[in-house]
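> Listed below are the residues making up each chain.
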Amino acid sequence: MTNIDRRAFIRGAAGIAALGVSAGFPALVLGAARRVVVVGGGVGGATAAKYLRKLDDTISVTLIERKPSYTSCFMSNEVLSGERTLQSLTFGYDGLRRHGIEVVQDTAVGIDPLQKIVQTAGGGKFQYDACVVSPGIGFKWEAIGGYTEEVAATTVPHAWNAGPQTELLRRQIEAMPEGGRVIISAPPNPFKCPPGPYERASQIAMYCKHHKPRAKIIILDPKDAFSKQGLYLEGWRKLYGYGTDNSMIEWISAAGGGKIEEIDPETLTVQAEIEEFQGDVVNIIPPQKAGAIAFAADLVEGDWCPVDKRTFESTRHKGIYVLGDASSAAKMPKSAYAANSQAKVCAAAIVNRFRGLEPGDPTFVNTCYSVVGEDFGISVAAVYGLNSHTNTIEPIPNSGGVSPANASAEIRKREVSYAHSWFKNVISDMLE
Amino acid sequence: MKRDDTMSKHVRNLLLAVLTLLPAAVMAGPSGQALSFTCAGCHGTDGSSVGPSMPAIAGMDPEVFVDAMKDYRLDKRNPSIMNRIAKAYSDEQFKEMAWFFASQRLHLQPQVTDAALAKRGAELHQKHCEKCHEEGGRPGDAGTLAGQWMPYLQYTMQDFLSGKRDWPRKMKRKVDAAIEDDGADAVSALIHYYGSQH
Chain A
0 MTNIDRRAFI RGAAGIAALG VSAGFPALVL GAARRVVVVG GGVGGATAAK
50 YLRKLDDTIS VTLIERKPSY TSCFMSNEVL SGERTLQSLT FGYDGLRRHG
100 IEVVQDTAVG IDPLQKIVQT AGGGKFQYDA CVVSPGIGFK WEAIGGYTEE
150 VAATTVPHAW NAGPQTELLR RQIEAMPEGG RVIISAPPNP FKCPPGPYER
200 ASQIAMYCKH HKPRAKIIIL DPKDAFSKQG LYLEGWRKLY GYGTDNSMIE
250 WISAAGGGKI EEIDPETLTV QAEIEEFQGD VVNIIPPQKA GAIAFAADLV
300 EGDWCPVDKR TFESTRHKGI YVLGDASSAA KMPKSAYAAN SQAKVCAAAI
350 VNRFRGLEPG DPTFVNTCYS VVGEDFGISV AAVYGLNSHT NTIEPIPNSG
400 GVSPANASAE IRKREVSYAH SWFKNVISDM LE
Chain B
0 MKRDDTMSKH VRNLLLAVLT LLPAAVMAGP SGQALSFTCA GCHGTDGSSV
50 GPSMPAIAGM DPEVFVDAMK DYRLDKRNPS IMNRIAKAYS DEQFKEMAWF
100 FASQRLHLQP QVTDAALAKR GAELHQKHCE KCHEEGGRPG DAGTLAGQWM
150 PYLQYTMQDF LSGKRDWPRK MKRKVDAAIE DDGADAVSAL IHYYGSQH
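The listed protein sequences correspond, in order, to chains A and B. Numbering of the first sequence is given in numbering that gives the first Met the number 0, commencing with residue 0 and proceeding in unit increments. Numbering of the second sequence is given in numbering that gives the first Met the number 0, commencing with residue 0 and proceeding in unit increments.
Pulled out of the complex, with its shape left as it was, chain A reads as follows (with noise of 0.2 Å):
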């Protein structure tokens, strides 16, 4: 760079000054230490108390989970096929503490927006000046005959948020005689990863291919279109031969009769629409909505809670603000990406706040990452921004999407390799 150009960089940057919450009053000079609760230590409200910490740590940020340790559900289909284990996916809070989080075991059942109390089932009372709650998702069991808590937990597993329930699934589909049948059946819109239930019918399909090379895995879907649908199908054709006879992937959409009815745990029998289909190990991934505490606390308007988009600050209560998979983003999907983005825009939104400033305007990412086979990754990205007038989320035009199509084997293959690069530094961005 000449110098000029570099004086010209520097006068550049002196006049943006555009350098966020960094500018301004530390939140103590204005008065007592400021204290934050967040409920759910998944990556919406760990990312959030990581934030709020960072941006000013005369903040009080206290951490409410249930878990002893953060289990992520995103690259939790690699345990299916055996690429990885569950422990590989499982992390302590300690990096938090050494932010200076509190972090406290216990779960969150009520949130008193007058008083500003968080209670806990262990009978906790945490004042708050602002709380953020990032509960993840619950499931409608009502949804689907014969699907209860306890047959997922025993013989049907969801498997939609990792734990148990992942290494069940993966042990059933290991028992299954050479030549079974997997049922996969996905949720409709709007749910959690919405790649999700095609990455998983691909990582089955990747262990089958090696270890049970007759085996069928039949995806029953109530929708007619799915997320990265092209770039699925491309691998699916190149990998388990889809659209042939032998395909060992077969999806059924909803014109097809793929919305499933009812369930019978006894003899793995699920009812669809226009058929019956009986599986050796079957996969229900139900209908969803908000993480229970966003019901209790009274933050939902039908199964999702309404935000201020510039803040993520609950419509019906004020501070509280709801990040991640339980508030209604739309049109950002349900991803941890997503909820990454939007509790920096939170914990920026609540540090300004403190400090008696206007909101900046915010400013979210998306990206996602499938693994769809050996060496065959794929991506989707997008940039948004906020339409104000709408309250709504916007994808910036003529931008982001997903990845090119009958790519290379070369960009495949990479795309794996970012694919475990995002995970892990999803992974650090929220818990390091």
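Bear in mind the hints are in silico, worked out from the structure with no lab data behind them. Some hints could be false.
Straight-line Cα separation of at most 35 Å, DSBU-like style, residue types lysine-lysine; simulated pairs [as the list claims (entries may be wrong)]:
#	chain 1	residue 1	chain 2	residue 2
1	A	Lys412	B	Lys169
2	B	Lys86	A	Lys208
3	B	Lys86	A	Lys423
4	A	Lys423	B	Lys75
5	B	Lys75	A	Lys330
6	A	Lys115	B	Lys173
7	A	Lys412	A	Lys208
8	B	Lys163	A	Lys423
9	A	Lys237	B	Lys130
Model the placement of chain B on the given structure of chain A, informed by the hints.
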């Protein structure tokens, strides 16, 4: 890099650090910090990627950053996810992100390298690369090589060598000379040398 250039870079970075303490000006659009925070899920908190292949961008020269983003926006590099992302931003926003990352400290992590290859790579670097990638390829006026994630360096060299990415001025001649010295192993030796620094 000449010593006075190094000094001016330190002065510049000091200026950046001071700027971050000043009250924010009122302006339209997201702040440079807000824009840059969205990159962390792939490039690590404040641009220090924890790998294994997404490149670290902390401490990157702002002009190199802006040039890279413009190239991605024009689809001038082998299509990755970045060409799709870069199309969302204006030149001014590229500059704001460039300044944010230039003012971040780069945290490097150890990588597994072959000591003999790395040693040979160090010699090749001194002979052919040090003139542009100063101090063993530490963040400077050219792209960061020292401690950069090795798969990323591998992909980048593959793209240069296969004609999928345009060579920066003089670089092709230098790489050809290194390959002439050491054969096909030259590139791998260099990558092991850069990967061995942390």
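> Does each hint hold? Answer for all of them.
Hints versus structure:
{"no.": "1", "hint": "A/Lys412 to B/Lys169", "result": "holds (30 Å)"}
{"no.": "2", "hint": "B/Lys86 to A/Lys208", "result": "violated (39 Å)"}
{"no.": "3", "hint": "B/Lys86 to A/Lys423", "result": "holds (25 Å)"}
{"no.": "4", "hint": "A/Lys423 to B/Lys75", "result": "holds (28 Å)"}
{"no.": "5", "hint": "B/Lys75 to A/Lys330", "result": "holds (29 Å)"}
{"no.": "6", "hint": "A/Lys115 to B/Lys173", "result": "violated (65 Å)"}
{"no.": "7", "hint": "A/Lys412 to A/Lys208", "result": "holds (18 Å)"}
{"no.": "8", "hint": "B/Lys163 to A/Lys423", "result": "holds (28 Å)"}
{"no.": "9", "hint": "A/Lys237 to B/Lys130", "result": "violated (46 Å)"}
This entry does not satisfy hints 2, 6 and 9, going by the numbered hints stated previously.
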